[in-house]
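Asker: Working from the sequences, and respecting the hints, build out all of it.
Residue numbers (our numbering), protein chains in the order written: chain A, 1 to 112; chain B, 1 to 118.
Careful, some of the hints might be misleading.
List time: in silico DSSO-like cross-link candidates among lysine-lysine, alpha-carbon distance up to 30 Å [claimed, not checked]:
1) Lys42(A) with Lys64(B)
2) Lys42(A) with Lys57(A)
3) Lys55(B) with Lys42(A)
4) Lys37(A) with Lys41(B)
5) Lys64(B) with Lys14(B)
6) Lys64(B) with Lys57(A)
7) Lys68(A) with Lys111(A)
8) Lys41(B) with Lys58(A)
9) Lys42(A) with Lys111(A)
10) Lys111(A) with Lys41(B)
One-sided excerpt, in silico: chain B residues whose CB lies under 10 Å from chain A [said to hold, decoys possible]:
11) Gln38
12) Leu44
13) Thr80
14) Ser83
15) Pro111
Just the calculated beta-carbon pair ranges, DEER-fashion [unchecked claim]:
16) Ile12(B) with Thr10(A): 28 to 36 Å
17) Gly16(B) with Arg61(A): 44 to 52 Å
18) Leu76(B) with Lys42(A): 37 to 45 Å
19) Gln60(B) with Arg61(A): 34 to 42 Å
20) Ser54(B) with His7(A): 37 to 45 Å
Derived from the structure by calculation, the hints contain no laboratory data. For every residue, glycine included, the Cβ atom is placed at its ideal position computed from N, Cα and C.
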Amino acid sequence: GENVEQHPSTLSVQEGDSAVIKCTYSDSASNYFPWYKQELGKRPQLIIDIRSNVGEKKDQRIAVTLNKTAKHFSLHITETQPEDSAVYFCAASTGAGNMLTFGGGTRLMVKP
Amino acid sequence: GAVVSQHPSWVICKSGTSVKIECRSLDFQATTMFWYRQFPKQSLMLMATSNEGSKATYEQGVEKDKFLINHASLTLSTLTVTSAHPEDSSFYICSAPRPGRAKYNEQFFGPGTRLTVL
Numbered sequence: 001g002e003n004v005e006q007h008p009s010t011l012s013v014q015e016g017d018s019a020v021i022k023c024t025y026s027d028s029a030s031n032y033f034p035w036y037k038q039e040l041g042k043r044p045q046l047i048i049d050i051r052s053n054v055g056e057k058k059d060q061r062i063a064v065t066l067n068k069t070a071k072h073f074s075l076h077i078t079e080t081q082p083e084d085s086a087v088y089f090c091a092a093s094t095g096a097g098n099m100l101t102f103g104g105g106t107r108l109m110v111k112p
Numbered sequence: 001g002a003v004v005s006q007h008p009s010w011v012i013c014k015s016g017t018s019v020k021i022e023c024r025s026l027d028f029q030a031t032t033m034f035w036y037r038q039f040p041k042q043s044l045m046l047m048a049t050s051n052e053g054s055k056a057t058y059e060q061g062v063e064k065d066k067f068l069i070n071h072a073s074l075t076l077s078t079l080t081v082t083s084a085h086p087e088d089s090s091f092y093i094c095s096a097p098r099p100g101r102a103k104y105n106e107q108f109f110g111p112g113t114r115l116t117v118l
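Answerer: Right, dumping it as structure tokens:
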């Protein structure tokens, strides 16, 4: 089955700096890669996703890049703000309606 | 966006009792729903895939006789934790993919149920 590795497990940055979280996946059939933000005790919130036919996608301060050959994808957050502090999860899926396999999570702390 | 609800949001029970958690898709029909378990400071781990009108598919290591899943309608899946023990204490989250949209892979998560077994 699919295995998703996520690094780093914790990340501390100064407000205004950029944050990068990286994930690798094992199943070459995976074609959908969402990123979630989860605050303590809450549900995961989709912040950005990318399909395998695209190499990069950007939404304001958030961007995701995908390298299918190397089977890795990354989340980039620019101009970080204290409210970006949360746990971020990457995930991979092989297609419509299929289950998600999550990475281990990254606890991001943005210091004011 | 689509809405998925869960009930209850939290529950405390005694060891040996059973607890039922409901997951509802409020504005779309879900032939498939997923049940995840999340222990503190850990990731979401898929427990089972709930299929409307048929048996659930369980992930390796998840006891199907302990975690009973029923998906009796296109908007409701239930997870029953039978003979709960303290090690079953966790955050249980369901999700459902909404079909027929441009972002058809997107899954919508319920708010989660925090189960504490004393």
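Asker: A separate judgement is required for each hint: does it hold in the structure or not?
Answerer: Going through the hints against the structure:
{"no.": "1", "hint": "Lys42(A) with Lys64(B)", "verdict": "holds (26 Å)"}
{"no.": "2", "hint": "Lys42(A) with Lys57(A)", "verdict": "holds (26 Å)"}
{"no.": "3", "hint": "Lys55(B) with Lys42(A)", "verdict": "holds (29 Å)"}
{"no.": "4", "hint": "Lys37(A) with Lys41(B)", "verdict": "holds (14 Å)"}
{"no.": "5", "hint": "Lys64(B) with Lys14(B)", "verdict": "holds (21 Å)"}
{"no.": "6", "hint": "Lys64(B) with Lys57(A)", "verdict": "violated (40 Å)"}
{"no.": "7", "hint": "Lys68(A) with Lys111(A)", "verdict": "violated (33 Å)"}
{"no.": "8", "hint": "Lys41(B) with Lys58(A)", "verdict": "holds (28 Å)"}
{"no.": "9", "hint": "Lys42(A) with Lys111(A)", "verdict": "holds (22 Å)"}
{"no.": "10", "hint": "Lys111(A) with Lys41(B)", "verdict": "holds (20 Å)"}
{"no.": "11", "hint": "Gln38", "verdict": "holds (9 Å)"}
{"no.": "12", "hint": "Leu44", "verdict": "holds (5 Å)"}
{"no.": "13", "hint": "Thr80", "verdict": "violated (21 Å)"}
{"no.": "14", "hint": "Ser83", "verdict": "violated (26 Å)"}
{"no.": "15", "hint": "Pro111", "verdict": "holds (5 Å)"}
{"no.": "16", "hint": "Ile12(B) with Thr10(A): 28 to 36 Å", "verdict": "holds (31 Å)"}
{"no.": "17", "hint": "Gly16(B) with Arg61(A): 44 to 52 Å", "verdict": "holds (49 Å)"}
{"no.": "18", "hint": "Leu76(B) with Lys42(A): 37 to 45 Å", "verdict": "violated (22 Å)"}
{"no.": "19", "hint": "Gln60(B) with Arg61(A): 34 to 42 Å", "verdict": "holds (39 Å)"}
{"no.": "20", "hint": "Ser54(B) with His7(A): 37 to 45 Å", "verdict": "holds (38 Å)"}
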